[in-house]
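Asker: Here are the chains, one letter per residue:
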Amino acid sequence: GAVVSQHPSRVICKSGTSVKIECRSLDFQATTMFWYRQFPKQSLMLMATSNEGSKATYEQGVEKDKFLINHASLTLSTLTVTSAHPEDSSFYICSAPPGSDTQYFGPGTRLTVL
Amino acid sequence: QKEVEQNSGPLSVPEGAIASLNCTYSDRGSQSFFWYRQYSGKSPELIMSIYSNGDKEDGRFTAQLNKASQYVSLLIRDSQPSDSATYLCAVRTSYDKVIFGPGTSLSVIP
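These protein sequences, in sequence, are chains R and C. Numbered per our numbering, the first sequence spans residues 1 to 114. Numbered per our numbering, the second sequence spans residues 115 to 224.
Hints are supplied without guarantee of correctness; some may be wrong.
Which residues of chain C face chain R? A partial, calculated answer using Cβ under 10 Å [claimed, not checked]:
(1) Q120
(2) Q152
(3) F214
(4) G217
Covered stretches of chain R (chain C as the covering partner; in silico rule of three or more C-beta atoms under 8 Å from a C-beta of chain C) [said to hold, decoys possible]:
(5) 37 to 49
(6) 103 to 112
Where chain R lies over chain C, by a calculated footprint (3+ residues, C-beta under 8 Å) [stated by the list, open to error]:
(7) 153 to 167
(8) 204 to 212
Calculated from the structure, these hints are not laboratory results. Quick caveat: nothing in here was measured; it's all calculated off a predicted structure. We put the CB at the ideal spot given by N, CA and C, even for glycine.
Produce the complete structure using the sequences and hints provided.
Answerer: Shown next as structure tokens:
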């Protein structure tokens, strides 16, 4: 099946710093990628839809100035958590549809903000 | 009303038994339905997708869809300890968003 990678897999940072997470589609091009956040023992919550060459679409309640998304190429989307705080600690997962109706998920990034 | 609901867990079944997972959704215009499996600390992996009313079988897994009742289920036959995970139901709604249910934790007891 289609492969989606994420980097880094785990990051620990101090409060107030910014963290960039990369999501790559390895064997297909993706004009659209999705970013999810998952808190412990909760389901995936869609944060935003990343669109290649245009602005991301954010879900209600997600601060676009805090979670910056850039989709600069057909295989790469980045999520930057700016001025991270402990409440931003979560499991961030990206996904991409390889042209079909299904989504393939990246392995996720565990963010811990101290 | 939540958009996608799943039967509350955790669900425990003995090895070799059938595990039944249920999901209901609120958007009657939804057309695509998915079951994902998620192991602790890992990202979800797709098990099955289903688009038409009826059953769809893939190995030990059978997905069932009833659009009139807005109901999707997943049956796991001959359950194995390795099937122990959280199972997420996902629905692509009429406004083209994929919404995930809260998940059902399954434990298969050897």
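Asker: Of the hints stated earlier, which fail here?
Answerer: Nothing - there is no hint that the structure violates, so all of them hold.
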